[in-house]
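S.K.: Next come the chains, spelled out residue by residue.
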Amino acid sequence: MHQQDFFHNAMIYLLAAVISVPVAKRLGFGSVLGYLLAGMIIGPFILGLIGSEGEDVMHFAEFGVVMMLFLIGLELKPNLLWEMRKSIFGLGGLQLVISAVLIGAITMLLGQTLGTGLAVGLMLGLSSTAIVLQTLDEKGLMKQASGQASFSVLLFQDISVVPILALIPLLGASAVSGGSLSHEEVRTIAGLEIKGWVQVALMLLVITGIVLGGLYLVKYVFRIIARTGLREIFTATALLLVIATSLLMDLVGLSPALGAFLSGVVLANNEYRHELEADIEPFKGLLLGLFFISVGASINFGLLTSSPGLIVALLFGLIAVKFLVLFILGRFFGLRGGQNTLFAFALAQGGEFAFVLVAFSQQNGVIDGAVASILLLVVALSMAVTPLLLLLNDKLIFPLVFRSENLREHDTIDESGHPVIIAGFGRFGVVMGRFLIANGIKATILDDNPDNIEVLRKLGFKVYYGDASRADLLASAGAAEAKVIVVAVDEKQQSLKIVDLVQNNYPHLKVLVRSTDMDHTYELLDRKVDGFRRDTFESSLSLGTEVLTHLGYNKYRAHRLAGTFRQHNRKVIRELYIHHGEDEKKYLSEAKKHANELEELLQTENEDASHEQDSSWDISSRREEIQELIRSSSEESN
Amino acid sequence: MKRVCILVFHPLLYKSRINRKLVSAVEEIDGVNLRYMYDLYPDFFIDVKREQEVLLEHDIIVWQHPFYWYSSPSLLKEWIDLVLEHGFAYGRSGRALEGKQIMSAISTGGRREAYLTEEAGKFSIRQLLAPFELTTKLCRMHYLSPFVTHGTHLLDEDGIEEAASNYARVIRALRDEIFSPEEIRKHEYFNDLTL
Chain A
15 MHQQDFFHNA MIYLLAAVIS VPVAKRLGFG SVLGYLLAGM IIGPFILGLI
65 GSEGEDVMHF AEFGVVMMLF LIGLELKPNL LWEMRKSIFG LGGLQLVISA
115 VLIGAITMLL GQTLGTGLAV GLMLGLSSTA IVLQTLDEKG LMKQASGQAS
165 FSVLLFQDIS VVPILALIPL LGASAVSGGS LSHEEVRTIA GLEIKGWVQV
215 ALMLLVITGI VLGGLYLVKY VFRIIARTGL REIFTATALL LVIATSLLMD
265 LVGLSPALGA FLSGVVLANN EYRHELEADI EPFKGLLLGL FFISVGASIN
315 FGLLTSSPGL IVALLFGLIA VKFLVLFILG RFFGLRGGQN TLFAFALAQG
365 GEFAFVLVAF SQQNGVIDGA VASILLLVVA LSMAVTPLLL LLNDKLIFPL
415 VFRSENLREH DTIDESGHPV IIAGFGRFGV VMGRFLIANG IKATILDDNP
465 DNIEVLRKLG FKVYYGDASR ADLLASAGAA EAKVIVVAVD EKQQSLKIVD
515 LVQNNYPHLK VLVRSTDMDH TYELLDRKVD GFRRDTFESS LSLGTEVLTH
565 LGYNKYRAHR LAGTFRQHNR KVIRELYIHH GEDEKKYLSE AKKHANELEE
615 LLQTENEDAS HEQDSSWDIS SRREEIQELI RSSSEESN
Chain B
52 MKRVCILVFH PLLYKSRINR KLVSAVEEID GVNLRYMYDL YPDFFIDVKR
102 EQEVLLEHDI IVWQHPFYWY SSPSLLKEWI DLVLEHGFAY GRSGRALEGK
152 QIMSAISTGG RREAYLTEEA GKFSIRQLLA PFELTTKLCR MHYLSPFVTH
202 GTHLLDEDGI EEAASNYARV IRALRDEIFS PEEIRKHEYF NDLTL
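These protein sequence lines are chains A and B, in that order. Here the first sequence is numbered in my numbering, starting from 15 and rising by one per residue. Here the second sequence is numbered in my numbering, starting from 52 and rising by one per residue.
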């Protein structure tokens with residue numbers, strides 16, 4: 015490619031991304047849809063700014079998927095992976111087999127041969143790692159049950175690309191009479207033809223090499239590189255590591271994405287892990303963006319306009335079949351309610367591997383050109399509608415399913431009559447929960463992080479999934495009979511929403527709230543809640559007391575000073591609250607507001623020097639008075 | 052009508068048989084202000100300024116508490132140590148409490164006979180309360196004869212009822228200035244006055 019062409023294209027891609035992604039985000043669609051739209055707009059069917067080279071770009075950009083898997087690997091420690099083996103092979107395996115069989119059967123009903131049917135089934139059974147993980151990550155769902163299940167399925171699919179690639183030429187042999195095509199499939203490594211068992215041995219050798227190298231070698235290399243103090247060389251080494259592993263894997267016939275994932279996992283316990291993450295992350299993001307743009311650009315709108323009915327029917331058929339398979343399997347594997355619909359919608363599209371497999375199948379004569387272009391279009395469209403489906407799930411289906419399913423699955427009867435409800439059982443709520451339970455007080459706990467719930471349930475806490483700012487959830491948690499509700503969620507807006515809800519519907523319930531900042535505190539004072547605490551105040555003050563003791567203050571004095579400060583702080587907050595009403599009219603940015611508040615706080619604290627609580631213990635004023643008395647009386651007698 | 056403030060020092064009020072009844076007998080009386088000190092200062096971090104304001108707002112102060120180890124629960128000692136500041140309660144310029152009346156209302160397991168001083172090595176309640184009496188004297192206050200509920204372990208419900216209604220009468224009498232401090236001080240206990 016000519017250099018000028020390169021910069022010209024780079025500019026178009028970047029410009030499209032820079033314009034459309036922020037717009038999409040602003041509209042609540044997420045970045046993936048933004049990139050896809052950008053691709054469609056600059057693609058051959060709308061503006062025509064990029065043409066046939068889009069496909070090359072897509073192949074190049076597929077490397078973004080490899081990097082993404084490397085990063086995911088970094089986040090996953092090997093023991094965690096071992097724990098997920100059931101969902102990877104059970105859920106992932108069943109998903110692919112059942113989807114492939116169903117889709118294959120439909121393909122045959124539409125008049126294709128068995129071989130074509132199987133090939134199509136397998137390639138469409140795969141989902142898009144790039145879209146799903148990027149979207150789930152952006153929504154912060156990767157740590158939730160649905161995210162983990164999605165990840166397991168995707169991981170299995172990535173692994174199974176290797177055997178599928180091996181299978182397709184065989185299907186070709188049965189579908190097409192000529193056996194010459196399959197000859198191409200004899201593996202060549204470094205130009206040498208190799209027998210099957212040698213290849214397997216080589217695969218094992220490479221994998222062992224990656225694992226051992228990652229565990230024992232890489233950290234010395236990184237230590238040497240880190241000592242140079244040159245950041246870009248560290249980045250270069252990180253990139254080299256990922257690229258080299260992928261190439262090696264590709265060479266022996268394994269999926270590069272799988273190789274990158276494997277090396278990521280091996281490095282998950284490495285001391286340079288965060289450094290690696292930070293270095294690879296921007297490359298991954300840009301390459302994935304590029305990949306989505308090229309998917310958008312590759313959509314063949316010509317075919318869509320010439321036979322729209324067929325394409326739309328196939329698109330919906332594909333999504334419907336995959337959705338149903340995923341949904342039913344999800345239920346079997348313990349996904350409930352909204353988590354399950356999210357999981358099923360997230361994985362209901364075709365994936366980027368389909369592009370590779372379609373091309374490969376066509377080479378092997380398994381499918382013909384007409385079928386291939388229809389497949390490509392349907393897969394690309396299904397990827398494009400995924401963000402929309404997830405949006406639909408968020409806005410429509412999730413609330414619906416949530417209402418009907420969430421708490422009723424659990425036995426709510428034995429929960430009624432608990433005197434305390436704790437909304438939010440994260441880092442803050444959990445200490446309080448332990449304290450209450452240690453004293454034999456029964457609490458109903460609500461949290462919207464399913465993973466927390468899983469763990470806590472194992473430990474014997476009765477925790478329910480759900481957003482406590484929903485009226486129906488509060489009702490089923492027994493708000494009518496409870497005496498106290500503790501609002502300990504992380505998020506300010508959600509916290510206030512819960513407070514409002516409780517105060518409007520359950521006026522008898524005492525409301526105690528974790529406050530996250532001054533603004534939140536003011537809002538809570540507005541609402542006259544029964545009690546609130548700044549979540550970091552006590553621990554920070556207590557550590558401050560320790561600072562004093564290390565400076566040589568005696569412990570009791572430090573303790574008393576902290577008490578004075580605490581008492582004083584309460585007064586200062588009240589004082590500032592009164593003035594706060596006046597400031598509110600000024601429209602200040604959040605950050606500016608925060609700075610102002612800090613300034614006010616410190617000023618008020620300095621001006622109003624606190625009353626020395628312990629002055630009675632200091633007898634110096636008495637001593638002075640007595641000495642003075644003695645002096646004056648002796649003067650008199652003189 | 053005098054303004055009366057009862058400072059209740061009981062670390063386990065919800066479990067107490069006597070003090071809880073005493074408190075509920077006086078809770079509703081007009082012009083009487085009850086302060087549950089262990090509720091106000093569970094961490095012993097007494098708000099000295101606030102407590103001094105409270106003292107200034109009232110004419111008659113009552114320290115109500117069980118008699119622990121011939122003395123008061125520790126929070127009352129903390130309160131005395133910190134609130135009765137030099138320059139506020141005593142000392143050359145410390146005249147804020149001058150002329151106010153103050154009374155101890157205590158309950159004790161031992162019967163009155165246990166505190167008779169005929170035998171050597173025994174002390175009367177009044178002798179044991181001497182630190183409190185002297186403290187208030189230094190603050191130029193009138194220390195009234197104490198209201199004492201004796202033999203609490205043996206008291207039955209009727210006995211407790213009687214003690215409670217006596218207490219209510221004492222508090223009312225204080226509020227309405229039925230007796231002068233001099234008259235009260237003639238008796239060892241406030242209880243000995245015929246109301």
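If you're looking for bench data, these hints aren't it; they were derived computationally from the structure. Incorrect hints may have been included.
To be verified - What follows is a set of in silico ranges between Cβ atoms, one per label pair, in the way DEER data are often shown:
#: 1; chain 1: B; residue 1: Lys128; chain 2: A; residue 2: Lys569; range: 14 to 24 Å
#: 2; chain 1: A; residue 1: Ile640; chain 2: B; residue 2: Asp132; range: 47 to 57 Å
#: 3; chain 1: A; residue 1: Ala485; chain 2: B; residue 2: Gly161; range: 25 to 35 Å
#: 4; chain 1: A; residue 1: Leu557; chain 2: B; residue 2: Tyr92; range: 18 to 28 Å
#: 5; chain 1: A; residue 1: Arg571; chain 2: B; residue 2: Tyr92; range: 48 to 58 Å
Stated by the list, open to error - Subject to a maximum C-alpha distance of 25 Å in a straight line, what follows is the list of computed SDA-like cross-link-like pairs (lysine to any residue):
#: 6; chain 1: A; residue 1: Lys542; chain 2: B; residue 2: Asp90
#: 7; chain 1: A; residue 1: Lys497; chain 2: B; residue 2: Leu63
#: 8; chain 1: B; residue 1: Lys188; chain 2: A; residue 2: Lys542
#: 9; chain 1: B; residue 1: Lys100; chain 2: A; residue 2: Lys497
#: 10; chain 1: B; residue 1: Lys100; chain 2: B; residue 2: Ser144
#: 11; chain 1: A; residue 1: Lys524; chain 2: B; residue 2: Leu63
#: 12; chain 1: B; residue 1: Lys128; chain 2: A; residue 2: Arg574
Heads up, the beta-carbon is just placed ideally off N, CA and C, and yes, glycines get one too.
S.K.: If a hint holds in the structure, say so; if it doesn't, say that too.
M.R.: Status of each hint after checking the structure:
no. : hint                            : verdict
1   : B/Lys128 / A/Lys569: 14 to 24 Å : holds (21 Å)
2   : A/Ile640 / B/Asp132: 47 to 57 Å : violated (19 Å)
3   : A/Ala485 / B/Gly161: 25 to 35 Å : violated (59 Å)
4   : A/Leu557 / B/Tyr92: 18 to 28 Å  : holds (24 Å)
5   : A/Arg571 / B/Tyr92: 48 to 58 Å  : violated (19 Å)
6   : A/Lys542 / B/Asp90              : holds (21 Å)
7   : A/Lys497 / B/Leu63              : holds (23 Å)
8   : B/Lys188 / A/Lys542             : violated (44 Å)
9   : B/Lys100 / A/Lys497             : violated (34 Å)
10  : B/Lys100 / B/Ser144             : holds (17 Å)
11  : A/Lys524 / B/Leu63              : holds (24 Å)
12  : B/Lys128 / A/Arg574             : holds (17 Å)
Of the numbered hints given earlier, the model fails hints 2, 3, 5, 8 and 9; all others are met.
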